[in-house]
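Asker: Sequence:
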Amino acid sequence: MATIEEKLKEIFSTMNFEDSELQEFEKSSKEFEEMVSKGIVKKRGYTLLTIEGASQPSLSFNNVEMAV
130 MATIEEKLKE IFSTMNFEDS ELQEFEKSSK EFEEMVSKGI VKKRGYTLLT
180 IEGASQPSLS FNNVEMAV
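Heads up, the sequence shown is in this note's numbering, so the first residue is 130 and it goes up one at a time.
Don't take every hint at face value.
[Said to hold, decoys possible] Derived DSS-like pairs: lysine-lysine, alpha-carbon spacing no greater than 30 Å straight-line:
| hint | residue 1 | residue 2 |
| --- | --- | --- |
| 1 | Lys172 | Lys156 |
| 2 | Lys171 | Lys159 |
| 3 | Lys138 | Lys156 |
| 4 | Lys171 | Lys156 |
| 5 | Lys159 | Lys138 |
| 6 | Lys159 | Lys172 |
| 7 | Lys156 | Lys167 |
These aren't lab readings, by the way, just hints derived from the structure by calculation.
Produce the complete structure using the sequences and hints provided.
Answerer: Pasting the structure below:
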């Protein structure tokens with residue numbers, strides 16, 4: 130039975146990416162980073178709750194958050 134690593138290597142070896150696809154992705158990534166730096170958009174994704182955020186209680190009423 131093949132290990133996960135061997136299966137992944139096999140899958141990646143069969144994948145073919147064209148340069149144009151990679152260039153298009155890199156271009157869109159750079160454009161997004163520029164918009165983030167200008168404050169037009171914000172990055173979203175996996176963010177952990179900070180220690181400060183966990184220790185500051187807040188109340189919520191009708192989906193409006195109030196500081197305590």
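Asker: Taking the hints in turn, state whether each one holds.
Answerer: Each hint tested on the structure:
1. Lys172 with Lys156: Holds - the C-alpha atoms of lysine 156 and lysine 172 are around 17 Å apart, at most 30 Å.
2. Lys171 with Lys159: holds (14 Å)
3. Lys138 with Lys156: holds (27 Å)
4. Lys171 with Lys156: Satisfied, since the Cα-Cα distance of roughly 18 Å is no more than 30 Å.
5. Lys159 with Lys138: holds (29 Å)
6. Lys159 with Lys172: holds (13 Å)
7. Lys156 with Lys167: At roughly 17 Å apart (the allowed maximum being 30 Å), lysine 167 and lysine 156 satisfy the hint.
In the structure shown, no violation is registered for any of the earlier numbered hints.
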